[in-house]
Amino acid sequence: MQKIQLNYKNIFVITLFILISGLISCVSSQNVSSVSSLRENDVLLVGKVIIDPPLQSHEYRNIITIQGSTGYIYLHYSNQLKPIKDLEIGFKQVANSIKTENGKSFFVKFNNQPLYFYYGFIMMDFNTDTGEGVYAYLPAGWVVYPQSKDKAIYIGTIKYTRDEFFRITKVELIDEFDSVSKEFYEKYGNTIKLKKSLLKAM
Amino acid sequence: MGKKPILLLLVFFLTVCLSCATTPKDLSQLAFIFGRIESADGDMALETVDFISCSLHEKSESWEAYAHRQKGYFWLNDLKMGSYRAVRFSQRNWGLGGSSGSYYLLNKYGPGPFMVRIQKPGVYYMGTYKYGMNPKKLSVADVLLGTPATFSLVKVENDNPQEILEWILKNKISKKSPWYSIIEKTIKERSWINAEDTVKL
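Residue numbers (our numbering), protein chains in the order written: chain E, 1 to 202; chain Z, 1001 to 1201.
What the hints contain is simulated information worked out from the structure, not anything from laboratory work. Each hint should be verified, as a subset may be incorrect.
Below, a list of computed lysine-lysine pairs in the PhoX-like style, where the Cα atoms sit at most 25 Å apart [what the hints assert, rightly or not]:
id, chain 1, residue 1, chain 2, residue 2
1, Z, Lys-1120, Z, Lys-1188
2, Z, Lys-1200, Z, Lys-1120
3, E, Lys-170, E, Lys-200
4, Z, Lys-1200, E, Lys-170
5, E, Lys-85, Z, Lys-1130
6, E, Lys-159, Z, Lys-1059
7, Z, Lys-1200, E, Lys-159
8, E, Lys-82, E, Lys-92
9, Z, Lys-1155, E, Lys-85
10, E, Lys-99, E, Lys-170
11, Z, Lys-1200, Z, Lys-1130
12, Z, Lys-1059, E, Lys-170
Covered by chain Z, per the in silico footprint, the following chain E stretches (three or more residues, Cβ under 8 Å) [stated by the list, open to error]:
id, region
13, 46-58
14, 133-143
15, 166-173
A few chain E residues that face chain Z, going by a derived Cβ cut-off under 10 Å, partial list only [as the list claims (entries may be wrong)]:
id, residue
16, Ile-122
17, Met-124
18, Asp-125
19, Asn-127
20, Asp-129
21, Thr-130
22, Arg-162
These numbers were taken from a predicted model, which means no experiment stands behind them. All C-beta atoms, glycine included, are put in the ideal place defined by N, C-alpha and C.
Could you put together the complete structure from these sequences and hints?
Here it is in structure tokens:
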């Protein structure tokens, strides 16, 4: 929680920040359009995140910053297992996140290494006084270990149930392999095989 | 247009306005909330506490609670059925050179203090919390960018809701207000509803 001095307002810094943010907001891991972009040591991670009840447009203000774009779901990951001090969100965390939309499958390229998911977040607003985003957090704490021969793996559908305060009341990992793999083969054809490798607790 | 229709219109509007002003509030669907914020440093100068409505279906609305500067008491009446949470409180200190203020941001999403789910009319106690600044050495970047300081908020266990409510009733609620008798009865019966119980997971 933060204390703000009312007499502080550095409009120049904030404006500059938002402008730069807009330019470099597309750094998160995003969908791969073709499997031809996969290099030898790459693996395509396939999954889905559901927020239930879904996020409504009246709940957030449309804005794009270095700390994320409002309305999108970010799943922050690392290739290393390490203790985290706090739920910090900045350029680094956004760059190391899967950016996805509620209820839509994601198809994201990674190096074939273990992937640890620490926490998720949704940017809901931007506070011009603090120069920081206002976030709803999503619990995580999962890992996936791709095998060396894997080219595409399905990690599961993460379903977050929330209340009106945006407290997460339930987290479920649902196996939707059949429907998602149908979507996968329609999108990429049969050149690579989708394997099921559901997320595990860290 | 002659004078008569204008006069009739005027009488009509005056009647409507007067009837609105004198219609007693229907408290059967409204609630009163109260609570307290203390400072660990004893320098409380509470200006206001801002609340928002929390709904999955409607856009948030906001309210400013009334506050007692030194005691840190706050209260808000006529809240409709629904869910609410405090999202910030502010302090303002007055000196010879004018005033200086700060505001303190609370979680807008997820768990947090001062949340309530009002499903029946009544008087709701939001709790007493004590805040204290987190010690932090400021870096050059912090100073240049004006990085906000952080604070913690801890629930006070030996709180006294009766004392808060008695003070509000005695000093801030008019005897003509429909809330007067309700709060008086609530104090007598110690029947305030703990807001925390309404939002338990």
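Checklist entry - When you check the alpha-carbon spacing of Z:Lys-1200 and Z:Lys-1130, does it fall within 25 Å? => result With Cα atoms ~21 Å apart, Z:Lys-1200 and Z:Lys-1130 stay inside 25 Å; holds.
Next on the checklist: Check whether the Cα positions of Z:Lys-1155 and E:Lys-85 lie no farther apart than 25 Å.
Outcome noted: 23 Å, holds
Checklist entry - Straight-line Cα separation of Z:Lys-1200 and E:Lys-159 no greater than 25 Å? => result 21 Å, holds
Item to check | Restraint satisfaction for E:Asp-129 [CB to CB of chain Z, less than 10 Å] | outcome: Cβ of E:Asp-129 sits 8 Å from chain Z, so the hint holds.
Checklist entry - Has the given pair, Z:Lys-1059 with E:Lys-170, been kept, meaning a C-alpha gap of at most 25 Å? => result 24 Å, holds
Checklist entry - Would you say the region 133-143 of chain E counts as covered by chain Z, given the rule of at least 3 residues with C-beta under 8 Å? => result holds (count 4)
Checklist entry - Given as covered by chain Z, does the region 46-58 of chain E meet the bar of three residues or more with CB within less than 8 Å? => result Holds: 3 residues of the region 46-58 of chain E have a Cβ under 8 Å from chain Z.
Checklist entry - Under the criterion of a CB-CB separation shorter than 10 Å, is E:Thr-130 in contact with chain Z as hinted? => result With a closest approach of 5 Å, the E:Thr-130 hint holds.
Next on the checklist: A closest beta-carbon separation below 10 Å is what the hint needs, so does E:Asp-125 meet it against chain Z?
Outcome noted: At 8 Å from the nearest chain Z Cβ, E:Asp-125 passes the 10 Å test, so the hint holds.
Checklist entry - Is it true that the CA of Z:Lys-1120 sits at most 25 Å from the CA of Z:Lys-1188? => result 20 Å, holds
Item to check | Per-residue hint verdict: E:Asn-127, partner chain Z, C-beta under 10 Å | outcome: 7 Å, holds
Next on the checklist: E:Met-124 was flagged as interface toward chain Z. Is the shortest Cβ-Cβ separation under 10 Å?
Outcome noted: Holds: closest Cβ of chain Z sits about 6 Å from E:Met-124, inside 10 Å.
Checked against the numbered hints given earlier, this structure breaks none of them.
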